[in-house]
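Engineer: Listed below, chain by chain, are the residues.
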Amino acid sequence: MQLLLHIGRYFLLIKDTFSKPERLSLYWKRTVEEMDLLGVKSLGIVALLSVFMGAVITIQTSSNIDAAWIPSYVVGFTARQSTILEFSPTIISLILAGKVGSNIAAEIGSMRVKEQIDALDIMGVNSAGYLILPKIVASMLMNPFLVMISMFLSIFGGWLAGVGTGIVSSVDYIYGIQFDFDPYTVTYALIKTVVFAFIIATVASYQGYYTRGGTREVGISSTRAVVYSNVVILIANYALTQLLLL
Amino acid sequence: MIEVQGLYKRFGELQVLTDISARFEKGKVNQIIGMSGSGKSVLAKCMVGLHKPEEGKVLYEGKSFHDMDRDAMRSIRQEIGMLFQGSALFDSLTVLENVMFPLSMFAKMSRSEMEDRAHVCLERVNIINKDELFPAQISGGMQKRVGIARAIAMNPKYLFVDEPNSGLDPQTSIVIDELIKEITEEFDTTTIVITHDMNSVMETGENIVFIHKGRNAWSGTRDQLLRSDNQELNDFIFAGSLMRQVRDSLKGKD
Chain A
47 MQLLLHIGRY FLLIKDTFSK PERLSLYWKR TVEEMDLLGV KSLGIVALLS VFMGAVITIQ
107 TSSNIDAAWI PSYVVGFTAR QSTILEFSPT IISLILAGKV GSNIAAEIGS MRVKEQIDAL
167 DIMGVNSAGY LILPKIVASM LMNPFLVMIS MFLSIFGGWL AGVGTGIVSS VDYIYGIQFD
227 FDPYTVTYAL IKTVVFAFII ATVASYQGYY TRGGTREVGI SSTRAVVYSN VVILIANYAL
287 TQLLLL
Chain B
2 MIEVQGLYKR FGELQVLTDI SARFEKGKVN QIIGMSGSGK SVLAKCMVGL HKPEEGKVLY
62 EGKSFHDMDR DAMRSIRQEI GMLFQGSALF DSLTVLENVM FPLSMFAKMS RSEMEDRAHV
122 CLERVNIINK DELFPAQISG GMQKRVGIAR AIAMNPKYLF VDEPNSGLDP QTSIVIDELI
182 KEITEEFDTT TIVITHDMNS VMETGENIVF IHKGRNAWSG TRDQLLRSDN QELNDFIFAG
242 SLMRQVRDSL KGKD
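Protein chains in written order, with our numbering: chain A, 47 to 292; chain B, 2 to 255.
Be a bit skeptical, because a hint or two may be false.
On the chain A side, residues computed to face chain B include the following (Cβ under 7 Å) [stated by the list, open to error]:
(1) D82
(2) Q162
(3) V171
Since the hints were made in silico from the structure, they are not lab data. C-beta: ideal position from N, C-alpha, C; glycine also.
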């Protein structure tokens, strides 16, 4: 029963979020600010994770290939496929759910407990639209860029680790990452990323918007935002994979 | 004028407001008084639409607020200014930006016109040269005054003030009370102050509604308040020794 209540309230909040903005220019200004806060400021962690993720994929793939008949370019091929299909879109989205999701829930939750959202409502501002819409738009615009950067850096990290440790030659690795490339895999990854961005922004905003109590409850909302958006991302990942790849 | 008719509000099993009716007059400082937990803040939140009552009506100039569609409700809200107990200033905006916020949302003004209007409002509440400071960098009393400046930025017809003196020293409380009274006269607003501070009641209260255990237990003027024989009201207003001395001196005069 509680689950149905939350699902119903979530969709009502989304409906309010997408109602007509009072002043478009102000919403756009906020969107640009959110693009910086949620996107640009996440670049460092995404870059760091991606390089090491690619390096680990390369080393693990190489260590699991024992048969002499398997060509060494398979290491590059596997690194590319794993990165594009799963690691960059899904793992980076899960990481962003932790970083960005908790940030969104804490910000909106604090505004709720300090009556700032009530103040917006009383002024006649659509508080859901004003606070949440820029975050959704910013996430859906920025996350695909972050994931594309992650793809590049992860494959580059794989090359660094592979060539650096001597487990694969540069020529073989580069041949592997080009071998049998299907551009649709990138489209699939970006579609997933956009959906995950929507999930992160809306689930976290929902948790923040309906915070009741004080600072302790803001913390609880933040934690819930991360946990629930991770769960929804994993379910959506399965559904999208079945829908787009089969 | 705002009128409340037969208002009921409950949260789960807890009945918070029962059959509240009251009139709040234009150009006057109307006060809702009562003990903590009596339901006065819930009443104010029902009046501005933050809570939806189970029964009853809130009439703004005769129009039922909760029966309006969303757009009509928003346009009434644009005529409401509210000062919250904790000021509710936006943390990430400066003092000037906080006051400009409602203007930037709804007023058709250029940036410089908005700044001018915000400066007029800030000067009205005696906040000068604090434009670039953030709410966390100014005192509680200043935050209240900036909150008032933001509330009056759009020339509101209705001004709601929730516990204006909470957390303030007596001198600052008097400054805030006087400011509310002056602004009510100047802007001819229907002002509704929610308070349990008897000094504030005696300083500014003109039309007073006493809420006790979620019911409208008494209403009247400041003079009637001191001479009322309502036991619940007397228990509330004469709880402090200062007010008891006022009552005794009045009895002496009579």
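Engineer: It remains to establish, for every hint, whether it holds in the given structure.
Structural biologist: Against the structure, the hints:
1. D82: violated (13 Å)
2. Q162: holds (5 Å)
3. V171: holds (6 Å)
In the structure shown, a violation is registered for the earlier hint numbered 1 alone.
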